Structure formats: structure tokens, C-alpha cells
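Chains as they are written, first to last, in the numbering used here: chain H, 37 to 336; chain A, 22 to 370; chain C, 34 to 141.
Note that these hints are calculated values from the structure, not bench results.
What you are looking at is a predicted structure, and each value in this text was computed from that prediction instead of being measured.
A couple of the hints might just be wrong.
[Stated by the list, open to error] Below are the DMTMM-like pairs computed for lysine to aspartate or glutamate, each with C-alpha atoms no more than 25 Å apart in a straight line: (1) A:Lys172 to H:Asp231; (2) A:Lys339 to A:Glu240; (3) A:Lys172 to A:Glu196; (4) A:Lys299 to A:Asp223; (5) A:Lys315 to A:Glu298; (6) A:Lys339 to A:Glu253; (7) A:Lys290 to A:Glu196; (8) H:Lys250 to A:Glu253; (9) H:Lys284 to H:Glu179; (10) A:Lys339 to A:Asp223; (11) H:Lys250 to A:Glu122; (12) H:Lys250 to A:Glu130; (13) H:Lys284 to H:Glu204; (14) A:Lys290 to A:Asp257; (15) A:Lys153 to H:Asp230; (16) A:Lys86 to A:Glu130; (17) A:Lys153 to H:Asp231; (18) A:Lys339 to A:Glu216.
[Claimed, not checked] Some chain A residues near chain H, calculated using beta-carbon distances under 10 Å: (19) Ala31; (20) Gly90; (21) His110.
[Said to hold, decoys possible] Here are the computed distance ranges between Cβ atoms for each label pair: (22) H:Leu248 to A:Val195: 55 to 61 Å; (23) A:Ser183 to C:Ala58: 34 to 40 Å; (24) H:Phe107 to A:Arg127: 49 to 55 Å; (25) H:Ser262 to A:Asp214: 52 to 58 Å.
Cβ coordinates follow ideal geometry from the N, Cα and C atoms, glycine included.
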Amino acid sequence: MPSKATPQRALKGARILPQWVSTTALLLPAYGWLSLADFLPLLTMFLFSFMNKTPMGKAPIEFTLRHYRAFIDQPYLVKIAANTLLMGLWTTLTCAVLGFLAALALVRCTTGARRETLLILILLPFWTNGLVRVFSWTMVLRENGFLDNLWHWIAPTAGSIAILYSREAIVIGLVHGYLPYRIITCYIALVTIDDAIIGAAQSLGARWWVILTKILIPLAAPGLISGAVLTFVPVIGSFMEPRILGGKVGVTMGTVIEDQFTQAFNWPLGASLSFTLLAVTLAIFATFSGILRRGTGGTA
Amino acid sequence: MTTVSVQNVAKSFGTVPVLRDIDAVFPQGTFTSLLGPSGSGKTTLLRIIAGFVTPDQGGVTIGEKDVTGIPVWGRNIGIMFQSYALFPHMTVASNVAFGLELRGIRGAEAPKAVAEALDMVHLADFGDRMPKNLSGGQQQRVALARAMVIKPSVLLLDEPLSALDRRLRQKMQVELLRIQSQTGLTTIFVTHDQEEALTLSDRIAILDKGRIVQSGAPEEIYENPQTRFAAEFLGDSNFLTGVVESGAVRLPDGTAIQTTAPLPANRQKPTLAIRPEKMSPAPHDGATNQIAAKILTVIYAGPALSYLLQTPDGTRLKLFQANRDGTLMREGETITLHWSPAHSIPVQD
Amino acid sequence: MTRLGQVFLGMILIFLYTPIFVLMAMGFNESELYELPFKFSTRWYSALSTNTELLTSGFNSIVLAVITAIGTLAALALSRRTFRGRSLLQLLLLPPIAIPWLITGTAC
Ligand SMILES: Nc1ncnc2c1ncn2[C@@H]1O[C@H](COP(=O)(O)OP(=O)(O)OP(=O)(O)O)[C@@H](O)[C@H]1O
Ligand SMILES: [Mg+2]
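Please model the entire structure based on the sequences and the hints provided.
This is the structure we're talking about:
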């Protein structure tokens with residue numbers, strides 16, 4: 037698709053500068069910043085991951101691959117990894133369903149100023165501090181917290197519904213963090229679908245579930261999938277939500293890695309675990325981008 | 022192959038009335054145009070017939086069936102939008118097959134019906150293309166095939182041709198007429214283009230501010246407009262106002278205008294509509310229905326000439342003439358206009 | 034159907050804002066440990082006004098905005114232009130998202 041737009045765009049800019057100049061100009065600041073703030077540190081970390089211990093003090097350093105065998109040497113890591121993937125899956129799935137439905141409701145059931153207000157209200161929590169947001173959930177979910185009190189007020193004789201320090205609590209916190217982003221990406225995908233297309237389908241005899249499954253979801257699919265990947269990837273690396281909301285059950289790859297840096301002071305292991313995680317993520321991304329290309333390529 | 026009728030329909034959006042007292046019959050097999058200015062409620066009426074909009078009062082019947090409470094998907098209608106509205110993620114053939122699948126038509130029967138429909142719109146070889154790889158006219162024809170393949174009881178079109186250029190639009194008009202007369206499908210066509218309405222329709226219904234002000238055959242409306250609005254909106258018209266005196270209308274300057282149509286009682290002040298092409302420059306011979314006017318502007322339009330004139334009391338008039346001998350009359354000349362009494366039509370304001 | 038959608042959106046908003054409102058309310062709570070029952074106090078909000086750390090974070094936010102703008106430029110180029118190495122550049126965007134930010138922080 038971009039290749040089609042290029043000739044017209046190029047025409048406009050052609051008089052002043054060749055296109056590669058402007059492309060470079062657009063990309064340079066971001067990738068310059070990324071190399072300074074991310075790639076350089078990552079490269080250092082990559083080196084660390086092959087060292088036998090944290091490079092501090094005078095002790096000689098040897099290079100080794102043993103940290104990359106962690107999953108074999110320490111089988112409990114496999115279980116943690118599985119839990120982490122499960123957490124990512126649940127969060128992504130919940131976000132996908134809620135985000136899509138909310139976006140659908142925005143597009144089909146609201147108009148004008150009300151819709152704009154709702155969009156802003158949905159986006160606002162996204163800009164609050166992540167740590168603060170997660171911490172607020174502890175106050176909502178814990179025993180004698182907001183929800184628990186509300187529940188006791190409604191049903192005084194029933195037991196507690198506090199779910200702090202559980203997997204559900206982690207997923208709730210993560211969903212809360214990523215839902216606004218997912219609603220907006222789904223909204224953008226849905227709002228571009230012409231009403232007349234839905235009208236045409238209805239006139240041909242389609243009821244709402246046919247419209248949903250045959251028209252709306254296929255047309256929004258690229259947005260849905262890229263949104264899912266961009267939720268899943270950071271979620272499986274997260275450690276703040278698992279730690280604060282999960283307590284003892286909140287051991288994930290993210291927290292294990294964090295522990296290596298802040299508690300165990302085993303940077304090489306932490307680094308090698310992160311790069312293993314990155315490899316898994318890239319594999320997932322590669323799979324989905326393949327599907328995406330086939331899905332949106334059309335006649336190509 | 023069904024008569025469609027609308028009974029006593031009214032619709033408001035918020036407090037704004039958009040349609041009032043709409044009663045209309047679209048007889049079986051006819052091509053009816055809903056013609057009116059922007060905002061007159063044409064689309065809303067069409068969407069009520071389709072079932073996208075629920076009327077505040079009144080009902081719709083398609084054939085024998087009262088469909089007022091039936092949603093769009095249960096009405097078996099074919100519809101075409103200005104924006105084509107093809108499903109962008111499906112091939113042309115899948116677009117056309119969509120309605121068939123929903124009717125449970127599968128197996129060998131479906132591809133055959135799809136091929137026939139595409140053949141009808143001369144796109145037999147385009148089944149495997151994606152909509153984005155078609156021109157606007159081709160997309161519109163796919164939309165037509167998609168609407169027709171389900172054998173709808175009525176075809177609804179909301180300005181389907183206005184996104185096309187002039188040449189293509191005329192070609193599509195011919196296509197549309199051919200297909201409509203071949204299938205004998207009751208068709209309702211929304212347009213604000215009077216020329217399109219005149220050339221395509223068996224019947225025209227003129228809408229103004231949410232009301233149908235006149236409906237009938239194009240010729241009937243054109244030759245006998247009942248209101249000033251209808252006379253002005255379908256074609257062009259001159260208007261003269263005077264007082265009824267002994268069976269004629271006397272203009273302020275004393276000229277008596279004869280009509281063949283019955284006039285209101287004496288002392289009433291009717292408006293007369295006279296089509297600009299029904300007037301002709303005539304010599305002074307004392308005949309009735311003549312009026313002197315000075316030529317203000319001459320517009321040369323190829324096959325026709327159009328003059329803008331002014332009478333001594335300031336009324337502006339238009340005169341259309343076929344171009345036989347070029348421009349014979351010049352700006353500034355004063356000429357006498359004459360027309361037959363049959364062509365002065367009393368209209369309501 | 035329209036009603037249903039609006040109710041659903043209302044529920045989403047409640048979900049999104051519950052923790053935020055609870056937190057704001059807790060700011061008025063006397064207890065330091067966010068304990069219930071609630072005792073009203075403006076103690077924490079007055080503490081806020083003399084907090085210099087907050088001023089620093091204001092500056093940080095501006096830095097963040099600049100970085101976001103930089104990112105937008107790149108997104109523009111990546112989505113609108115085709116050039117050699119585009120896929121590679123896109124791929125390079127993933128590690129910063131995928132690797133816990135703590136690590137990049139530690140390495141600096
Ligand atoms: N969904 C709606 N909500 C509020 N007002 C509406 C809605 N649909 C139409 N209207 C109003 O109803 C009036 C008639 O609209 P409609 O679309 O039927 O006009 P139209 O005759 O089709 O005009 P056009 O030639 O411009 O398409 C307009 O004033 C329009 O603003
Ligand atoms: Mg309209």
C-alpha cells in the first residue's frame with residue numbers, strides 16, 4: 037500500500053529534495069535516540085550475558101554460554117515462563133475482546149461531541165503514571181479495600197471478594213494499563229469502515245453476527261493483530277504489575293529478570309534471560325507479521 | 022415485481038421535522054425518481070423504505086406485506102449507494118455471492134448466478150479482481166450486480182451515479198434503464214439532478230421541505246406543474262402575477278393574459294408559469310398573450326440560445342430559442358414575446 | 034442495541050477510573066497507610082505543594098514529549114515510505130518494547 041502513495045508524494049517533494057533525504061531526516065532523530073538510549077545499552081547487556089559474573093571489582097572475567105542454558109539447568113524457570121505466557125495471553129485476549137467491543141460501541145452507538153468526550157476520557161488514564169496506576173489497584177482489590185467494602189455494603193453476610201495477590205489481579209492491572217491503547221487502535225480500524233458497507237450487507241440479508249464476523253472483524257483484522265502483538269510483547273516482559281498485584285504468585289519472567297539485577301546481582305543471567313525472552317517475542321512477531329502480510333496483501 | 026407504498030409517514034430528527042404526511046405509491050415495475058433539493062428528505066424517505074430508519078408514524082408495504090416492523094435484512098431489497106459500498110476485502114465474485122450465501126444458495130447454483138449477474142453488467146471476466154483494482158464505473162456495476170443477484174422485490178438507489186463523470190454517468194443511465202426494463206423491477210431512484218430524473222423515470226415525485234409536492238409522469242409534471250416550486254425545480258419557468266378579470270389575468274400594465282386552464286374567481290391574484298421555450302418573439306399583430314421586453318443578455322449555448330429580458334415594469338423573463346439562424350436579436354433591442362393560452366399555467370405559490 | 038453499547042462504554046469507563054478515583058480519594062485520607070475507614074484530611078495535598086521532586090518530573094515530562102515527537106516522525110517515515118532496510122528498521126523497534134525497561138536503565 038505505501039508504494040502506491042509514494043509517486044504522488046514524491047512529486048510534491050521532488051522539486052526541492054530527493055526523497056531519501058527527507059526519509060533520512062524523518063528517521064534519523066528517532067534511531068539516533070534509540071542507539072544512544074537503547075541499542076548501546078542493549079549491546080552492553082548482550083556482552084554481559086556471556087560473562088561468568090557481573091563485571092564489577094577486579095576478579096577476572098571469563099566468557100561462557102552457560103546462562104543461556106538456564107532453562108535446562110533450572111527447570112522451575114520453564115514453569116515461570118509458561119505462567120508468563122499465560123498471563124500475556126489472558127491480558128491480550130481480554131484487551132482484544134473488551135477493546136474491540138468498546139470501539140464498536142463507540143462507532144455504532146455514539147456520535148459527535150459525546151463520542152469525542154468518551155475518546156478523551158478513555159485516553160486520559162493512559163497518561164497517568166504506571167506505578168501509581170498499579171498501586172491504586174492494590175487499594176481497590178485488597179482485603180478491606182474499595183471493592184471489598186462495596187461488596188460488604190451490598191451483601192453484608194457474604195465472604196470477602198478481595199483478589200489482591202492473585203493472577204487475576206495481575207491481569208486486571210495489566211488490562212487496565214493497555215486497554216485504552218487497544219480501544220483506540222480498534223476504534224481507528226473500525227471508524228474507517230464506511231457505513232454504507234454495513235448497510236449494503238444488511239440489505240443483502242446479513243444480521244449482526246454475519247456483519248461482525250464477515251465484515252467488521254476481517255476489515256479490522258490488521259489493526260486487531262498489530263494491537264495484540266503490541267500488547268502481548270510488553271506484557272510478558274512486565275514486572276511491576278506482577279510484583280505489586282501478584283505478591284507471591286506474581287513470579288514472572290519479568291520479575292525473575294528484575295531480581296537478577298536488583299537482588300541477586302547476577303547481571304549476566306538477567307541479561308541472558310531477557311535476550312531469550314526477546315527471541316521468543318521476535319518469533320511470535322515474525323509469525324504474525326507473516327499472517328498479516330498474507331491477510332492484507334489482497335491480490336498480491 | 023412488487024408495488025411499494027408508503028402511508029402517512031412522518032419522521033423528525035430531534036425536534037426538526039424531516040418528513041411530513043408522505044403518501045406515495047410506487048407501482049409494480051415502474052422507475053420512480055425522488056427529486057428534490059438538498060435536505061428535502063429524499064434519502065430519509067429511501068432509508069425508511071429500506072428499513073434503516075424507523076418512521077415516527079405511518080408504514081411501508083412491499084407487495085402484499087406490511088414491512089414497517091421488519092428490519093432491513095428481512096425486506097429483500099436491493100440497494101445501491103453513491104459510495105459503491107463494495108466489501109473491500111472480498112473479490113468481485115465473492116461480493117456478488119454474499120447475498121446468495123446468506124440465502125443458503127451454495128454448490129453449483131451460486132457460481133452460475135454470480136456469472137449471470139456479472140455478465141449482465143458486462144463484467145464477466147472480472148470475478149477474481151479485488152474492488153480496489155476496478156474503476157469507479159466498474160465498481161458501481163459490481164454493486165448493481167450484487168444487488169440484483171438476490172432477486173430483490175425492489176431496487177433502491179441513492180444518487181448512485183453522482184460520483185461518476187458526465188460521459189460515464191450517461192452510459193450507466195442507459196445500462197440501468199436496460200436492466201430495469203429487462204427485469205421489470207420496481208425501482209426507486211433518489212436524485213437532485215432534474216435532467217437525470219426526466220430521462221430515466223416513468224414517474225417523478227418532487228419533494229420540498231419534507232413533503233411530496235407533486236408526483237406523476239415526467240411529462241405531466243413538466244407540462245402541468247401545480248406549484249411554483251415544481252415549475253422551477255423541474256425545468257425553468259417564467260412567472261407573471263396579475264388580477265383575474267372576466268376570465269383573463271390582467272397584468273399591472275394592463276395586458277390581459279389568456280389561459281386554457283380554469284382560473285380562480287375574479288379579484289384573486291394567481292401566479293402564471295410560462296416555460297421559456299414556449300415563448301416566441303412575435304410581430305405586433307394585436308394577438309393576445311403578448312408582452313414587450315428589452316433584451317438584457319444573450320447566452321449562446323450552441324444548439325440553443327437563451328435570452329434574459331426585462332419588461333417595462335421590471336419583471337425578468339427568460340426565453341429559450343433553438344439555434345436556427347444564429348443570433349438574430351441583439352442586447353438592448355426591445356421585442357414582443359408571444360405564447361399560446363395553453364402555455365400559461367396557473368400555479369400555487 | 035444503542036442503549037446496550039452505551040451501557041457497555043459506561044462500564045469500561047468505570048473500570049478505567051475506579052482506581053484513579055480511589056487513589057485521589059485516598060489522598061484526602063488521614064492515614065499514611067491508605068487504611069480504611071476513611072478519615073478526611075488535606076495533609077497529603079499540602080505536602081505536595083512543597084515537593085521539589087515534582088518540579089523535576091515536570092521537566093522529565095517535557096523531555097518525554099520531545100521523544101514522542103521524534104517517534105512520530107519515524108512512524109511517519111515507516112508507514113508512508115518504502116525504502117531498502119525498512120523491515121530491518123521496523124524490527125529494531127521491538128527490542129526496546131520487549132526488554133524490561135529496567136535493563137536498559139541498569140546498563141546506562
Ligand atoms: N441521522 C440524522 N440525524 C439528524 N438529522 C438528520 C439525519 N439524517 C438526516 N438528517 C436531516 O434531515 C434532513 C433531510 O436529510 P436527507 O438526507 O433525507 O436529505 P436529502 O434530500 O437526501 O439531501 P441530499 O440531496 O443533500 O442528499 C436534513 O436536514 C438532514 O440534516
Ligand atoms: Mg441524500
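Evaluation of the interface hint that places Ala31 of chain A against chain H, nearest CB under 10 Å: It is violated, given that the least Cβ distance between Ala31 of chain A and chain H is near 22 Å, above 10 Å.
Given the proposed pairing of Lys339 of chain A with Asp223 of chain A, does the C-alpha separation stay at or below 25 Å? 28 Å, violated
Within a Cα-Cα threshold of 25 Å, do Lys172 of chain A and Asp231 of chain H meet the stated pairing? Within the cut-off at roughly 23 Å; holds.
Hey, Lys339 of chain A versus Glu253 of chain A, does the alpha-carbon distance stay inside 25 Å? 12 Å, holds
Quick one, are Lys250 of chain H and Glu130 of chain A close enough, alpha carbons at most 25 Å? Cα-Cα ~22 Å, so holds.
Between Lys284 of chain H and Glu179 of chain H, does the CA-CA distance stay at or below 25 Å? 16 Å, holds
For Lys284 of chain H and Glu204 of chain H, compute the direct alpha-carbon distance and say whether it is at most 25 Å. Holds. Lys284 of chain H to Glu204 of chain H sits at ~13 Å (cutoff 25 Å).
Against chain H, with CB atoms and a cut of 10 Å, does the hint on Gly90 of chain A hold up? 16 Å, violated
Check the hint pairing Lys86 of chain A with Glu130 of chain A against an upper bound of 25 Å on the C-alpha distance. 28 Å, violated
CA of Lys299 of chain A to CA of Asp223 of chain A, is that 25 Å or under? 24 Å, holds
Checking one constraint from the list: CA of Lys290 of chain A to CA of Asp257 of chain A, max 25 Å. Satisfied? 22 Å, holds
Holds or violated: Lys339 of chain A and Glu240 of chain A, Cα atoms, limit 25 Å. It holds: about 21 Å lies between the C-alpha atoms, which stays within 25 Å.
In summary, the structure is inconsistent with hints 7, 8, 10, 16, 19, 20, 22, 23 and 25 from the numbered list given earlier, while agreeing with the others.
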